[in-house]
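J.: Whole structure, please, built from the sequences with the hints as guidance.
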Amino acid sequence: MPSNLEIGLYVFMLATFVGLEVIRKVSPLLHTPLMSLTNAISAISVVGAILVISNEDATTLSKVLGFIAITAAVTNIVSGFLITDRMLKMFKKREEKR
Amino acid sequence: MDSLVSYIYIISGALFILSLKWMNSPVSARRGVFAGEAGMLLAIGGTLIGHHHNWEWILAAFFIGSAIGVPIAYIMPMTAVPQRTAMSHACGALAAALVGTAEFYQRQPRADSELSGFVMVALIIETLLGFLTVTGSLMAMGKLQEILPSRPMTYKNQNLINAVLFTIAILLGVRLIMVPTDTVLFPIFAGLSLVFGVLLLLPIGGADMPTVIALLNSYAGLSACAMGFVLNNHLLVIAGALDGSSGLILSIIMCKAMNRSFTNVLFGAFGQIQASVTRTEQRAYRSASAEEAAAVLEAASSVIIVPGYGLAVAQAQHKIRELFDSLMKRGIDVKFAIHPVAGRMPGHMNVLLAEADIPYDRLVEMDDINGEFPQCDVALVIGANDVTNPAARSDKTSPIYGMPILDVDRARTVMVIKRSMSPGFAGIDNDLYYMDKTLMLFGDAKAFVGEIVKELPARVGA
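Protein chains in written order, with the working numbering: chain E, 1 to 98; chain W, 1001 to 1462.
No wet-lab data here; the hints were simulated from the structure.
Any given hint might turn out to be false.
To be verified - With beta-carbon atoms standing in for the labels, derived distance ranges:
no. : chain 1 : residue 1 : chain 2 : residue 2 : range
1   : E       : ILE7      : W       : VAL1027   : 33 to 39 Å
2   : E       : TYR10     : W       : GLN1375   : 23 to 29 Å
3   : E       : ILE7      : W       : GLY1191   : 42 to 48 Å
4   : E       : SER3      : W       : TYR1401   : 47 to 53 Å
5   : W       : GLN1145   : E       : SER3      : 42 to 48 Å
6   : W       : SER1006   : E       : LEU9      : 16 to 22 Å
7   : W       : PRO1149   : E       : SER3      : 48 to 54 Å
8   : W       : ALA1060   : E       : LYS93     : 25 to 31 Å
Cβ coordinates follow ideal geometry from the N, Cα and C atoms, glycine included.
T.: Listed below in structure tokens is the structure:
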């Protein structure tokens, strides 16, 4: 059986290649919304922060750090997705105008 | 229960990949955002299943985060998007770095070798990248918001000092990996990472921002990815790797568009060196009024507008839309030529022009539009400078030699809206301004375009 580390490295390698291929196809027109979208997605660290804070024997330090981390990550998630959508709504073709 | 959470995470990971895939076209992009949101909701929901401790802390943090995030998303003007992006790199990195710190102190005291070997390596990478991205992004934000001077700040032996500091941080990290019980070293290590983030951004100037923002994006992602290894959570690894590769690709595109290498961007302090080049002679140029400019535009059958950062500064995008509409109504073909590094972040110009309701099929990338300049009657440059400088093609001694540029000089007539004759960010004189077919239009971009628009209808009645 491969160890956790090995599986993790496989996942990392595959995800990186998928990422490189997918991102390469993104139109340069949308590079700004792309960056705010990936920003929101990288706020997935909220999962780590929840795990830290909800640990049964979390110390006060862990709770405080986890609290700040969740706040920061949720700020990113909320503002990241909303502003990406706000930007994308503005991209219109001629015939769709008004 | 655990396997349920695993399945939820797998779906969530797939949604993130789809989300980025759908960004390949403006038609499907909004679906991409929806997929991303769904993936995130599943990830959070899945994590909350089976974790029943300290709910009040989690709820409070969610509430505060949303209360900050919603106004940011709706109030932030589009011209401030680069600053917001830098700020959210800082937030994301902060979350990763703090989780790493919490994990370190939480797990370390048990000394049952749970926090050893590769997990500790991942934790050190997570916190190093996390903390340096926090301060680095805050510096970038300060420079973009012009709270800090946007010119590069350099001092003697800068690179040497940075290298020494970084080496010390790495050595401390290695020591912590080998002896995790040396907890006293951790705050020093974290502090050095924070300081290094500041030092790394000091010599970065405004024109380098697109590359650096993309690079910080990549770091924030890799930090989250390393966290995935610490927590043995594959969803974190996937999402972090996607973000990391996205930032990497964008920074490579930006570097290519400036014909520079990563190291040159990070350690070159481009603007500063060039600013010291003094111009020796006064050269002759032609200037024109708004009325004359309107006459030239009206006589044209095709116009290419070249926007740059100056457009964002002057907030001229809505006035430019009026000009666009007015010219299109007269049957004049108007396109926009977008250089990859125009503005302060990748894609900056596209978002501004889209905000002003200019259809995106009129925004044309550099490689696609360069062939059209020779057939174009008027090229109107608004707030762009170095990306139009023909010296990049012809003058081997020029610091920007080799940089891909928009071939504005090949248009039949060139008009440049500019505040004054002062050189652009790189401090390099632009030969474009002294050509016989070039008309300089001096003034604020927004005001000048407004005047041109006013002149146009008057001429229709005449």
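J.: Run every hint past the structure and note whether it holds.
T.: Evaluated hints:
Taking the beta carbon of each, ILE7(E) and VAL1027(W) are about 37 Å apart, inside 33 to 39 Å as hinted. For the hinted restraint 23 to 29 Å between TYR10(E) and GLN1375(W), the CB-CB distance of approximately 52 Å leaves it violated. Evaluation of the 42 to 48 Å hint for ILE7(E) and GLY1191(W) yields a failure: the beta carbon distance comes to about 34 Å. Our hint of 47 to 53 Å for SER3(E) and TYR1401(W) holds, since their Cβ atoms are close to 51 Å apart.
Evaluation of the 42 to 48 Å hint for GLN1145(W) and SER3(E) yields a pass: the beta carbon distance comes to about 46 Å. Evaluation of the 16 to 22 Å hint for SER1006(W) and LEU9(E) yields a pass: the beta carbon distance comes to about 18 Å. At roughly 50 Å, the beta-carbon separation of PRO1149(W) and SER3(E) lies within the given 48 to 54 Å, and the hint holds. For the pair ALA1060(W) and LYS93(E), the beta carbons lie near 44 Å from each other, so the given range of 25 to 31 Å is not met.
Checked against the numbered hints given earlier, the structure breaks hints 2, 3, 8 and satisfies all the rest.
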